[in-house]
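Chemist: Sequence:
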Amino acid sequence: MSNAQVLPLREQARVTDEITADRINNLLPQLMQRTGIDMWVIISREYNEDPILKTMLPATWLSARRTTMLVFYLNPATKQLEKMAIARYNVGENIKANWDMQRFPDQWDALMNIITTRNPKKIGLNTSKDYGHADGIDHTHYDQFMQKLPAAFKSKVVSAEPLGVAWLETRTEREMQYYTQLVNMTHKIIEEGFSEKVITPGVTTTDDVVWWFRQKIRDLGLDTWFHTSVAVQRSDSNSFEHLRAFSDRPKEDLIRPGDLLHVDIGITYLRLNTDIQQHAYVLKPGEKNAPADLQKAFAQSNRLQDILTSQFVLGRTGNQILKGALDQAKAEGIVASIYTHPLGLHGHAAGPTIGMWDMQNGVPGSGDYPLYYNTAYSIELNSSSDIPSWKKNIRIMLEEDGYFDQSGFRYINGRQKQLYLIPRVVGNNAD
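Quick note on this note's numbering: the sequence shown kicks off at 913 and runs consecutively.
Source of the hints: derived by calculation from the structure; they are not laboratory data.
Just to be clear, a hint being listed does not mean it is correct.
Think about it this way: if two alpha-carbon atoms lie no more than 25 Å apart in a straight line, the pair counts; the simulated SDA-like pairs of lysine to any residue are [stated by the list, open to error]: (1) 1303 <-> 1203; (2) 1034 <-> 1047; (3) 995 <-> 1029; (4) 1100 <-> 1316; (5) 1242 <-> 1304; (6) 1128 <-> 1336; (7) 1200 <-> 1303; (8) 1041 <-> 1074; (9) 966 <-> 1100; (10) 1008 <-> 1041; (11) 1304 <-> 1212.
Here are the simulated distance ranges between beta carbons [claimed, not checked]: (12) 1104 <-> 988: 52 to 58 Å; (13) 1115 <-> 1139: 19 to 25 Å; (14) 1084 <-> 948: 17 to 23 Å; (15) 1100 <-> 1168: 24 to 30 Å.
Note that the coordinates shown come from a computational prediction; the quantities given were computed from them, not determined experimentally.
Ideal Cβ placement from N, Cα and C applies to all residues, glycine included.
Take the sequences, apply the hints, and build the full model.
Modeler: Structure representation (structure tokens):
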């Protein structure tokens, strides 16, 4: 994988700002009309940033400045969007400062003047019971806002959750051009990590591979949003347990021939995130492929992916998609667990939650949110299979990144359909 695939930092900043400007100028007015919130007020404190505000800051701003106040107002008559910062300076090129400090020495008075002169029908604040991403206004600022707000406007204050979630989950055409590259990079990193270049059975440990992934990602000029994990299933007496798989993995395990390896990895680039899980098999001497029962188990999880994504229909909630997929899997004799989540400006992003590993009967709140077009998802799940040659059950845990629009669901850069083999055997690579 070439470093040329990753833009230099200066170019990354330029592209990030162009994407952000496009989102604010072209996407945001549509979302404000859809949700009926004509004024969105975002207030954030330096080093305690609102998660949504961070997605709107210029690439060269690594944090908010003092108390940062942004106001977006969609004029109902002209449909024109006003973008204002009640600040001493512009917030990048896109949001101009709108604070007459001579007239309003107090920042809060300047904010109230903007509100009263425009007389919005709904004032959205970032409060949310179900989404931490959309709950960004802190208690102190909320109290100050409500104390300063004239009585006639208090009844107009609403949760901006529908607008905030829509802003975070909706992907633009420009973003999707880069998302394909980002997922491809992630796949290429996994392919290299799950090869004899990195792994020598009997010598290399799972922790060695973890840190190889972390170093490789950093060397390429990318970053991670969680610590990569590498785990092993093998022919032994250990049974699969969700807690062990997700939080109590052994820190270091010597990789041996006959092992089934699993990686969970996610990288960040241009404010977008990936989240991918794939598998590899370590060949024993004389083997040309993984045992047939492991290949069958892998194909079953591929089938579960198909069952799940076939449930993606506009307007269905995450809980409805989950139930439909689990019912179909059960009818086909698949022991399934589904814990799929939205993906985008965060790894575990805002939007419809489609199960959690410990909540297979539905997720209150975020699971009741409906599916919209132009949204991305991490298709995360596993299925249990009996492996006669190992005399035990295993789980094939897959996670691939996909996109849903008017054309239906598609994987952003394909998915793994066969186990990687270590050492690599020509003709048997994953695709």
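Chemist: Now look at each hint and say whether the structure bears it out.
Modeler: Checked hints:
A hinted pair counts as satisfied when its Cα atoms are at most 25 Å apart, and residue 1303 with residue 1203 qualifies at roughly 13 Å. Distance hint between residue 1034 and residue 1047 is fulfilled; the C-alpha atoms sit about 17 Å from each other, no more than 25 Å. In summary, the hint linking residue 995 to residue 1029 is supported, as the alpha carbons are separated by about 15 Å, within the 25 Å threshold. A hinted pair counts as satisfied when its Cα atoms are at most 25 Å apart, and residue 1100 with residue 1316 qualifies at roughly 23 Å.
Annotation: proposed proximity of residue 1242 to residue 1304 holds, straight-line Cα distance about 20 Å (limit 25 Å). Restraint check for residue 1128 and residue 1336: satisfied, since their Cα atoms lie roughly 20 Å apart, inside the 25 Å limit. For the suggested pair residue 1200 and residue 1303, the alpha carbons sit about 22 Å apart, so the restraint of at most 25 Å is met. The hinted pair formed by residue 1041 and residue 1074 meets the criterion: a straight-line CA distance of about 12 Å does not exceed 25 Å.
At roughly 29 Å between alpha-carbon atoms, residue 966 and residue 1100 are farther apart than 25 Å, so this suggested pair is violated. Distance hint between residue 1008 and residue 1041 is unfulfilled; the C-alpha atoms sit about 31 Å from each other, more than 25 Å. At roughly 16 Å between alpha-carbon atoms, residue 1304 and residue 1212 fall within 25 Å of each other, so this suggested pair holds. Our hint of 52 to 58 Å for residue 1104 and residue 988 holds, since their Cβ atoms are close to 54 Å apart.
One distance hint, 19 to 25 Å for the beta-carbon pair residue 1115 and residue 1139, holds here, with the actual separation near 23 Å. About 22 Å separates the C-beta atoms of residue 1084 and residue 948, a value consistent with the hinted range of 17 to 23 Å. In this structure, residue 1100 and residue 1168 meet the distance hint of 24 to 30 Å, their C-beta atoms being roughly 26 Å apart.
Hint compliance for this structure: hints 9 and 10 are not met, and every other hint is.
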